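Undergrad: Chain residues, written in single-letter form:
2 protein chains.
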Amino acid sequence: MSTEHQAGLSDPEQQVLDRIERARRRKPKVREERITLAHGSGGKATQTLVEAVFLEAFRNELLEPLEDGAELPVDGHRLAFTTDSFVVSPLFFPGGDIGDLAVNGTVNDLAVSGATPRYLSAGFLLEEGFPVADLTRIVESMAAAARAAGVQVVTGDTKVVQKGKADGCYINTSGVGVLATGHRLGIGTPRPGDAVLVSGPIGDHGVTVMLARGELDIDSDVVSDTAPVHGLVADLLAAVPEVRALRDATRGGVATVLNEIARAAEVAVVVDEAAVPVRAEVRGASELLGIDPLYVACEGRIVAVVPGEHAEAALAAMRSHPLGEQAALIGRVGDDPPGLVLLNTTFGGTRIVDLLVGDPLPRIC
Amino acid sequence: MSTEHQAGLSDPEQQVLDRIERARRRKPKVREERITLAHGSGGKATQTLVEAVFLEAFRNELLEPLEDGAELPVDGHRLAFTTDSFVVSPLFFPGGDIGDLAVNGTVNDLAVSGATPRYLSAGFLLEEGFPVADLTRIVESMAAAARAAGVQVVTGDTKVVQKGKADGCYINTSGVGVLATGHRLGIGTPRPGDAVLVSGPIGDHGVTVMLARGELDIDSDVVSDTAPVHGLVADLLAAVPEVRALRDATRGGVATVLNEIARAAEVAVVVDEAAVPVRAEVRGASELLGIDPLYVACEGRIVAVVPGEHAEAALAAMRSHPLGEQAALIGRVGDDPPGLVLLNTTFGGTRIVDLLVGDPLPRIC
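These protein sequence lines map, in sequence, to chains A and B.
Counting in full-length UniProt numbering, the first sequence runs from 1 upward without gaps.
Counting in full-length UniProt numbering, the second sequence runs from 1 upward without gaps.
Since the hints were made in silico from the structure, they are not lab data.
Hints may contain errors.
Just so you know, same-sequence chains aren't split out, so a pair can sit in one copy or run between any two.
What the hints assert, rightly or not - 27 Å max Cα-Cα, derived DSS-like pairs, lysine-lysine:
hint	residue 1	residue 2
1	29	44
2	163	29
3	44	163
4	44	27
5	27	163
Every value quoted in this text rests on a predicted model; they were computed, and no experiment measured them.
Sequences and hints are given; from them, build the entire structure.
TA: As structure tokens, this is what we get:
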């Protein structure tokens, strides 16, 4: 990225650009001495931790793309492999629970890698004293979600720690899927002129979980959007094989996904705020929480980047699937400033949508 | 299993047999209302939880063998898939730490499934406030263990929970390996006349971790046996393709593995106590802890069941590998009483070695 002044940016924005550029030239380093909640946010601190600690130690060509799933070459076949731990609080919330979240989350990571989800593992980490009835309910919810997604839970593990050393129930699911030959998706592939789509209203899951904690005195009908997106993805890829990149917008929301894409592809992503579908209740709750809905987690929504000329076809394919009825074209890929996400606001201004530094919504998934 | 009196058993032992038989006829049911540490022990409570809750909900033909790894049919190839969470306390102990333990544990689950370990995922669950330096040390230890085992960590995830909602660092590793065509290992396959071998002294890991907690005032030179056994397994299978079953003796130790084999294969396993290799320090510490070394976890030892006529060849193959120098033939498979493990003690008696009900050594892995 050039440090020259970018057209159309104010001085404070130019300062942000310069700061980001300076940061990029440094080798990533975790400055904090201790882990903070922000390291689990999916935002800037997570990125630094991953690059400075995990990538540095594990460096290999399969890990480095830092996609949601790794592509495994096995005897000429292409498999996808992914892992995710779930620590959502509370464990049960309107529209779902940690069980279906854990299944759908890993199913979706496989799906947006372009893979057909096939097999899951389930690792339970339980706190001494956790009600067996709650565990049974969670496991039944996982089983139902697995059936709905057409995957099998084929291997598992259970550990129990002393009271006070966990918070009821944490679940890790890892998944194996089969990649179709042909489709090569990757967040590094978007090009200027591409269109950016989301499959439906954003932020439902995050707001639902926050409200379920009862910290805000709001009554709301909003429910989590947790759902398996593999069918939606399959329909989209069948209609538009030219799709460049897919992501499910979980921790850190759509804004974080777009930042990852802008950075990996060295492109600008320009979002039209008015085009982003957000339910009125989610917008209202987000305002009370002091957070932009663009950063609020979804658990059944995808972001798709497609060549501009295929935008309409992609939108039509998504809208004809039950999970994509409210799909929308929310922005375009540009070339300048590379690595950044810009938002054309409903007020007519333009601002940078950066990765978050802190974690306004911890333990949302 | 017959409820007729078994030859050579005393009345109390017959009562144990009768109790076990009655338990088997019932559908498994978790009687406790809340999870206890015993549910994570690998013993009887874990088995009930797995059968009553997990197997009941997830039931499928790949999960039901309840092996250490599931066999995945993928486009005509056979892959192995396994998962394990690690909650060991303390995180660092003589001979290893949670990092190499997490890599070796999953490598070993793949190896004893007869697979060549290839790819691992790493899911970190961190407590707010955990020192970044400790995390870095753990991750570097994982990377070194992965290099030593010839596997790549290809995908990962990090979650952070509030202070007091975890205990520093928990790690889940899942693994994918490639199964050689030809070898069909399974704990249901042992037959009367087979020989039972262990690859070296048992209980080093469990005793090391217990002593590292400082709860016993013992000075000891014993270190964890944590190691990747895939090379040992490969040498054994090359020398004796007829191997019937392999297991790594982790949680619950050799006794638990032998019980799983006896039960799955509906055979008796008769162990000669005097033949079981146990370091003097491990024996001494086990006595102070009030636990039979047969129940103490190893993290680099395997139990192998081979046809009797191949016992010597299997022993020779294990002994020619650095990790198997002290391998020993510790017992035989019989037909009566099916489903039970009997120990011929050094005092000349015979007793049943049952699955443990409680968990004398929580958070050993």
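Undergrad: State for each hint whether it applies.
TA: Status of the hints after comparison with the structure:
no.: 1; hint: 29 x 44; result: within (12 Å within a copy, 46 Å between copies)
no.: 2; hint: 163 x 29; result: between (34 Å within a copy, 23 Å between copies)
no.: 3; hint: 44 x 163; result: between (32 Å within a copy, 21 Å between copies)
no.: 4; hint: 44 x 27; result: within (14 Å within a copy, 50 Å between copies)
no.: 5; hint: 27 x 163; result: neither (40 Å within a copy, 29 Å between copies)
The structure shown violates just one earlier hint, number 5.
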